[in-house]
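Colleague: Listed below are the residues making up each chain.
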Amino acid sequence: MSFDNLDTLYRQVIMDHYKNPRNRGSLTDESVTIDMNNPTCGDRIQIHLHVEDDIVQEAKFEGEGCSISLSSASMMTQAIKGKTVEQAMQMSQIFSDMMLGKDVDEMDIDLGDIQALQGVAKFPARIKCATLAWKAMEKGVDNQSE
Amino acid sequence: MDAVKIRQLFPILDQEVNGEPLVYLDSAATSQKPLQVIEAMEHYYKWNNSNVHRGVHTLGNRATDLYEGARDKVKSFIGAESAKEIIFTRGTTTAINTVAYGYARQRLKPGDEIVITPMEHHSNIIPWQQAAKATGATLKYIPLQPDGTISIEDVRATVTNQTKIVAMMHVSNVLGTVNPIKEVTQIAHENGAIILVDGAQGVPHMKVDVRDLDCDFYAFSGHKMCGPTGIGVLYGKKEILEQTEPVEFGGEMIDFVDLYDSTWKELPWKFEGGTPIIAGAIGLGAAIDFLTEIGLDAITEHENKLVAYAQEQLSTIDGVTIYGPTKRAGLVTFNLNDVHPHDTATVLDAEGIAVRAGHHCAQPLMKWLDVTATARASFYLYNTEEDVDRLVGGLKKAKEYFGDVF
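Which chain is which? The protein sequence lines are A and B, in order.
In case it helps, full-length UniProt numbering puts the first sequence at residues 1 to 146.
In case it helps, full-length UniProt numbering puts the second sequence at residues 1 to 406.
Calculated cross-link-like contacts (lysine-lysine; reagent style DSS-like; alpha-carbon spacing at most 30 Å): (1) Lys19(A) / Lys396(B); (2) Lys122(A) / Lys396(B); (3) Lys399(B) / Lys19(A); (4) Lys75(B) / Lys265(B); (5) Lys128(A) / Lys367(B).
In case anyone wonders, no lab produced these hints; they're calculated from the structure.
Next comes chain B alone, as it looks inside the complex (with noise of 0.2 Å):
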């Protein structure tokens, strides 16, 4: 994999920013995306745009096919069986609350258990936070080792019979911890509990296969991955889905309505009530066929190799603390002496260099690092070593410049 070359299918990064070449290292809150994408996007709306499943004129018949072949190729890309099972999304927060809702409020009972982890994004935090006050379920957390990964055994110990949900992030956004969902799922199903997986930070960057997962509902965000912001995916399996009732009511997914009753359409379309999110569905399908072609193994082994040079070149500096274990997803989290991390963005920035620096949406993580926020820097296809060079070198200008404060 050329890295060298897939950038010069980003236009975004083609520019300078505050005088410098920019080097956009803030991926993990979204991708840039590559011209086939947003040339797939503007293709519709200049050729093909129209409403989706009312079929008697041409143009909305390009555009359903348009749109369900999008939904066949996110089917491919994770390995699901059928394309009933994927619901497509405004993103993984409303993926993940479509499960809450739909799913969870449901059929929890005072006594039973959701069980999460303290590395979750708010995202797959406070819709569990929520369905547990309405139900008066009990909320878990599996413990975090002080690597900040999971145990095993934590797990099998924090999962009882009384669990109904299991929910977890694939990958942290934080800490680059890559959970071993395969596992946690048979220990999910042994219990009779079912399991969502938050994959928002997963299938970006990995070959993610659902059914090699056997995981119940797997939730991701298109801005993420190349695509365009405003869709996600729920996939979910069949049986599943079926038990899960719609949380939008309206047009586009009723099958039947009478004065006082209606009834719903079949899946995936009983959970895409309006007019769906068409061009974005088609980004997304561009993206996946960008990626797909690219190689997801390829794009996981680019980033390895990244990650860890990134690693071995910030503990170079002296006063870096980096978070997480050393095997991780591709990014790192890190803190420059006591300088607080916007000021070290905002000295990365000057350099033209894009990080993030906050809370990363996960606040109760920050509780558990000791930190009250940190800088990220994260990685995709497009970044180089030489980003990764010019991060370290505006870290040592951060420090110098702010080496006379402290």
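One chain only, chain A, in its complex shape (with noise of 0.2 Å):
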């Protein structure tokens, strides 16, 4: 294999947040904060989030990951940030949708670098790597909004 294929995994864009993560750290008050990790690798996340008005107000993460895990939560928490609960939600499904290969239909909600993860969809081995971040997110969006 070349690495042009390798390139449909590791987009610059991937290399950049990889390098430079958005919005990497934590919050104080009033945020609620999830860890999840990926027992098969070892990877560890911990996504704080900060929900008021039925808005992401505030998303910030921490953790230990290859390449992929970390980019996908720093792209993660600058795409929700601002968002409703509901586009929060309907995000992380597009995503799933985009990890199992479909054609994801990009006319309701920007995906913006989030974009650049669709190669991982021909990885198998990495796809967890890619959707821990949202997993993380999907379960503290559901313990905050309660």
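Both chains are sitting in their own frames, so use the hints and assemble them into the complex.
Modeller: In structure tokens:
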């Protein structure tokens, strides 16, 4: 396999998020924290969310992991900030579909950088890396909306 | 030993992965199977398939002979005194759990100690954590030396006359450390404790003689020694197995069954409830024949050469960290700079090279190494120096690929 194929996985934008993560850090008051790990590889991610008036006011992440899991967390926090809970959940659904290799309809929501992770679908062993942060977000939004 | 010739006996190795000839460096996870093992199982299913120990018809007799014949092969292979000491299990995990439930939990009391090491595979940690919780016994760890070995002084300091069970891996699946089982066994016995050896990475790669080691239990898996998945072995000294309770109850393992009470068959069958893993045992028997023909000493020597070559070659790459002692069994665990081992493994996979990346079912050891994960290349009798060269080439490419990121 040539590096061209690897390039579909490791897009420049992914590497940029890996090297310069956005929203890395923690939140203090009124936020909810979700720990999620990938037991098969040892990656750990912590997502901090602050939801108020049904809107994701703030989203941050911490943790250790591979380029795919950390860049995905970075992109996820960037994407959901300022969105309604419903929109965030919808994006998560779109992301899941994208990982299953489905063509995603971008009409409703602009995926932005997240689109770069589309190539992960071709690397089955890495899909869990990419979905880790999104699963944590879903769990956190559920907790805080209750 | 001619690894290039041996390699041809493994059909799976003759293929391309991602457009490159496959280099399989993940035998510590599971080994590949030679054609004769695959054929032995196929032959059984085609001609002899039947349930065992129910003897009236011919196929039943054949199946029983093959199944018990495999037990005899295991007995000779590891130097047990009697085939009664060979229990077929699903694998190493089931074998260790059989001892934890059937032996340890029956006799441990508060104040008793179980002694293990931080390098153990999860399968030799969690059964003891659970047994300690259930009985009030204390779980103790023999500390590791900076190079990932254990010292006999530390073993002496940790094992006391309160210690009832010592459980230790023969060979580390991460560090490649070969533990001094014979000495540890002696110390355990001096203190009145028994010892269980997790031999999952031992038996496939070196001549093991359980009577020479004098260990009380020795557990291993078929699939890491050219055999099929789903079959493993618990060896136990006869008198200790007799003191061990069965942990699975049902058909096949009983003598008499009454409405409110039952009695068990004699060894080894009292531990083999339900229809046993017949084809698996036959496959394991064929794997033992295969390994015996090549010779375990020749295999060990081959792996020693390969791992020395691999260490030498890997250390020529800037930014590679190798974990574990220099003198090691046939595997190398490493990391490449700040590249996450998952990313390293993905790049290698693109080159047709299969390595393991992750925590290797040894999270406490990862913590001790202060890493979240590592990459591991593990060798077996079918690997060659060319495989090591391909690995080195792949790692150089991974470095180049991620080079501009860091």
